[in-house]
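Peer 1: Grab the two chains, each in its own frame, and use the hints to assemble them into the complex.
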Amino acid sequence: MPQSSPTRIPVEERLFSLVLALLATETGLTKNEILSTVQGYRQRYSRSGDNSNLERQFERDKDDIRELGVPLETLDSPGQAGNNQNLRYRIPRGAYELPSDISFSAEETALLGLAAIVWREGSLSAESRRAIVKLRSLGGIDEPVLGYVPHLRVRDAAFEPLRSAIEKNQVVRFSYLKPGEAAAKVRTVAPLAIVQHQGRWHLHALEPDTNVTKTFLLRRIVSQVVTTGKTFTPDGADHTRIALGELEQVWNAHTVEVEVTPDSDAATRLHKRRGTRVAASGNLLLHYSDANIVADELAGYGPEVLVISPQELRNAVSARLRLVAQLHAAAAETGANDG
Amino acid sequence: MAERRGPLLAQDKLAFLLSLVPFLMDHERISVGDVAAQFSVPVQEVRDAVRLIAVSGIPGETGQYQHGDLFDLAWDDFEDNDQIVLTHLVAIDDSPRFSGREAAALIAGLQYLSALPEHADRTAIASLMTKLSRGASAPPSQLAVENSETDATLAIIRESVAAGVQLEFDYLDSRGDHEHRRVDPLRIESLDADWYLRAWCHLREAVRTFRLDRISNPQTTSEAISSHADDVSLSEKLFEGSADDRTVTIDVESSAALLLRDYIPENAQTSEHNGLVRTTIRVSHYHGLKRLVTGMPGLVTVIAPSEARQVVADWAAAGAARYPAQES
Numbered sequence: 001m002p003q004s005s006p007t008r009i010p011v012e013e014r015l016f017s018l019v020l021a022l023l024a025t026e027t028g029l030t031k032n033e034i035l036s037t038v039q040g041y042r043q044r045y046s047r048s049g050d051n052s053n054l055e056r057q058f059e060r061d062k063d064d065i066r067e068l069g070v071p072l073e074t075l076d077s078p079g080q081a082g083n084n085q086n087l088r089y090r091i092p093r094g095a096y097e098l099p100s101d102i103s104f105s106a107e108e109t110a111l112l113g114l115a116a117i118v119w120r121e122g123s124l125s126a127e128s129r130r131a132i133v134k135l136r137s138l139g140g141i142d143e144p145v146l147g148y149v150p151h152l153r154v155r156d157a158a159f160e161p162l163r164s165a166i167e168k169n170q171v172v173r174f175s176y177l178k179p180g181e182a183a184a185k186v187r188t189v190a191p192l193a194i195v196q197h198q199g200r201w202h203l204h205a206l207e208p209d210t211n212v213t214k215t216f217l218l219r220r221i222v223s224q225v226v227t228t229g230k231t232f233t234p235d236g237a238d239h240t241r242i243a244l245g246e247l248e249q250v251w252n253a254h255t256v257e258v259e260v261t262p263d264s265d266a267a268t269r270l271h272k273r274r275g276t277r278v279a280a281s282g283n284l285l286l287h288y289s290d291a292n293i294v295a296d297e298l299a300g301y302g303p304e305v306l307v308i309s310p311q312e313l314r315n316a317v318s319a320r321l322r323l324v325a326q327l328h329a330a331a332a333e334t335g336a337n338d339g
Numbered sequence: 001m002a003e004r005r006g007p008l009l010a011q012d013k014l015a016f017l018l019s020l021v022p023f024l025m026d027h028e029r030i031s032v033g034d035v036a037a038q039f040s041v042p043v044q045e046v047r048d049a050v051r052l053i054a055v056s057g058i059p060g061e062t063g064q065y066q067h068g069d070l071f072d073l074a075w076d077d078f079e080d081n082d083q084i085v086l087t088h089l090v091a092i093d094d095s096p097r098f099s100g101r102e103a104a105a106l107i108a109g110l111q112y113l114s115a116l117p118e119h120a121d122r123t124a125i126a127s128l129m130t131k132l133s134r135g136a137s138a139p140p141s142q143l144a145v146e147n148s149e150t151d152a153t154l155a156i157i158r159e160s161v162a163a164g165v166q167l168e169f170d171y172l173d174s175r176g177d178h179e180h181r182r183v184d185p186l187r188i189e190s191l192d193a194d195w196y197l198r199a200w201c202h203l204r205e206a207v208r209t210f211r212l213d214r215i216s217n218p219q220t221t222s223e224a225i226s227s228h229a230d231d232v233s234l235s236e237k238l239f240e241g242s243a244d245d246r247t248v249t250i251d252v253e254s255s256a257a258l259l260l261r262d263y264i265p266e267n268a269q270t271s272e273h274n275g276l277v278r279t280t281i282r283v284s285h286y287h288g289l290k291r292l293v294t295g296m297p298g299l300v301t302v303i304a305p306s307e308a309r310q311v312v313a314d315w316a317a318a319g320a321a322r323y324p325a326q327e328s
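Chains as they are written, first to last, in the working numbering: chain E, 1 to 339; chain G, 1 to 328.
Any given hint could turn out to be false.
Said to hold, decoys possible - Computed spacing ranges between beta-carbons, pair by pair: (1) E:85 - G:48: 33 to 43 Å; (2) E:254 - G:123: 26 to 36 Å; (3) E:99 - G:51: 29 to 39 Å.
Claimed, not checked - Output of the computed footprint for chain G on chain E, the stretches with three or more beta carbons under 8 Å from beta carbons of chain G: (4) 90–102; (5) 191–201; (6) 281–294.
FYI, nobody ran anything at the bench for these hints, they're computed from the structure.
Treat the numbers as computed from the prediction; the structure is a model and nothing was measured.
C-beta atoms are modelled at their ideal positions from N, C-alpha and C, and glycine is treated no differently.
With the rest of the complex left out, here is chain G (with noise of 0.2 Å):
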């Protein structure tokens, strides 16, 4: 999994030396490349590391750093074969315990994912939360997220991968338009409480992202997927933007402007003035763009294109019209 990370703080490489040395002492002669990956750090990170470690002690009766006091390695295999062999230890016997907030972190996030089917055991899941208090060295901050019941099309999905065919089901887009499809799944993603399936779509013959409350009737067939992950390249970009999008001039009330981060283009230009910030976003079409508008109603107003005004007011105005002019 590519992860990208900025430089290390020094307490993020304080709890890299210290998970890093009873790992050591479990593998007795272990290389480089090996703990590297264990932990998927860079190298050079695991050479400063042991490096840091070698020379490291405790001030020992003399208060001197003694040699006895320090920990000690095969230096030549290090220097020469990239190989790691602490030859005297001092001090740590034991992996550290989790932070309070370390432990919070990780059952909140298992808790937000507790959707997907490998969470379908439930009294499996919440062994593992108590095994993470009990392995913190403080009670997990008060935090949690709401646990959801088993998503049944994301049961299906995973069958369908582990199966590896093709998943078949009826999708209704954002414009209203309802059709088959037939897709290779490629991964399942989420943001917040919406969840997406991205896969090869086999009627658009390209890669779409498809959510999946917009999802019907899911099946698996018996037909095996002609495209696997390894070969498509998914951006790291839940919406890709495409050449057709169309872009949009809006007013939205500065409180507001961070719920529509992920529509507004790096470059956009804004501006704020009376609280209101003007701004550009990205849409693929605009029935996209009602639905958004509508639902944030006062907070975003769109300035131009018309044509894309006229869309938010029909659709706004068709829905107003639902309700008798007299009531309220």
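With the rest of the complex left out, here is chain E (with noise of 0.2 Å):
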């Protein structure tokens, strides 16, 4: 073993140290043993002095490790429940190690490197990153799919605090503004999951008050997500499921008939869009999910729309396309005021 000074360990090399020491022990071993035998630790350790700087350390590894899938195992020793200082830590190897009869072809592969750089910020990008290292050491190479650069965003700054809530259980408050409501209300819900429909990430929730599950529109949470202290147990449903069920419905229980101008690019786009019926008038018939998305989204085209019909709609497009020309319409002034 080559001798180095303590602080000249890299970090690597410790966590790996451990997982390997926790991968070889059956019956695993106390903190104790570990933080006085494993490399890394081992040369930090005092028999005699204090080793709290090195147990903190020791509980930040844990959960880096944890944070890889790596199945770092806490067991009680054999009668002596609840003794924390006996408590045991192993890597069960059937936990640990890919089963055996996975194994991915090339074709298999190659869309799960496309899969991977699709997220290009955040932890999705890290972990698909990652989950690609794991998936070379099977020893198949996802050649890129020639031709194709896919990027999907994750822009609500609620979603990372959202995803780790529903990974650890934790109840969360948010402020939700709601369109058309003056101010946003405070909301506390036990996070279920987190699906994107056309284009938009939602969160689906149970408000524990009333038993109800509920979505949000990640982009109208307002405030910080904070956790409150207090955790739930899921129901193990498949909620993602669900949700995108859910929306689904939603989105095929509302239409908007527009008229378009021929030859437009409401014309064009219009008629590509998901699920869209052309009426025997020849009018559009289009989808939607929510009224003041798909208003923005008609009022877009300007004079290339019409909507005929429902009249909630045809008010919503209309007062927002008067609301832009208002905004533009004396144009020298608003222009010299910071010029």
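Peer 2: Pasting the structure below:
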């Protein structure tokens, strides 16, 4: 073993040594055994003195290792249940190793390589990169599928904290601003799933007070997402499926009829919009899940779109167009101020 | 695929080490260069990792990391020939599982790509997702992206790429101009819900970006493509700035500023007051701008130039004029 000074052992060497030591033990190692013998800890371990810094280091390392999907287990010592000092740690081989019957074909590996580059920011990007490293250890190489550069962004600040709360079953609180309401309302919910529907991220969550599940648009969360200190017990249901199913139902249940100018941008794009039907009159029937969002979308087409029904959407779109016209009307005035 | 990566975190290095060992076990003898290619990492990173593995191991019965408790390496072969031969193994037998989050990231990525013709075999994709779930050490976290149907236009573009032939279609640009285009497809890109084709346009004799939902009647031709993806340099940015771009000053609600990030140039002068961000955006012409601004009603206001304000005002007014004034 090369002798190096205590401070020179790199973090990855300590973590790697910890994983090796815990994989190799059947019965588990106590914290003391780990700190006094495992490379990276033992150099800093004091036989007589205070090891509280080192213990805290070990706690952080455990979290880091678990985050990588390494199933680090804690066992009570026989006959010593509840005694914290005698907890034993190990990594059970069966739960650590990829099952031997799992392999990936060249096509599958290529598709997974493509799925990984969908994410280029935040935790999803780091996680998919790591998954690909693990995939490559199986030997297949993910030849890029020629010519695709897909990119899905996660720009809602609420996304990461909600994802983490879902994983830890934490009840969270945030302010939610519904369009048309003057002020945001504070919501306290048990987050169950995050789903993307029609390009927008939604939270599916249970309101503990009412025991009703609700769907929130992430972009309408206007405060930080904070944990309440309370946790909940998940019911084990596939909430992504439920959430997407509900959103799909809402989408299908709402239809707006529009008249589009032939050969315009609106005609081309709205024809291609998902689920568009052409009425006998030649008008287009479009589905939507949120009146405010579809009103914004349709307003963007300006005079190329005339909303026929429902009346509320006619009003919403014409009000938006009048607002934009008004905000841009007095051309000289506003421009001169801060110019 | 050129992948830009920042410095590796210790966690990433650990994932690499835990993946590298089983790979090396499957390859009795392999060059540093081949390993670097397999994992798409610099050769120096491979050498560092192998050195670390070779001196690592388990405390063993003595708690002293005795020789037999450590990995070992054919050092001469490594130092002289850049060849990796592990001569002693400890603790690790197989590749690690995915974490629940890692599996979820890949599954959601696959779901996002469900419009691709490569995903037409839904059973195969479903079985791939099941494998990812089974290969994870915890249930994949509750994250999903809506499935979409296979896109017919994408499928035709793929056909033309596979056959190496030109593609033709009718294209309506945001100015409202119709043109018949003949292109050499180079790359299919997407940004959230929108898909784009980047191609060498024979009409413009330049690389152009086409929105898939503005393409009509796409057809493969029998004419071979004249340029290849390798010969044309495509910038990483989907929307390339051009010298003809116009700069527009806007006020945008700070909550909505993020939505315009792609339009705001890096050197834009930005100030914030009363919850409004004043900044500049670059647009290729005001026809795109009027659609953008009117689609974010009340959130964005064009400040200058007045010509741009006028274009937006006229667009919105023309839209409003389609509704009788007494209504609502």
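Peer 1: Just pull the numbers of the violated hints for me, sorted ascending.
Peer 2: 6
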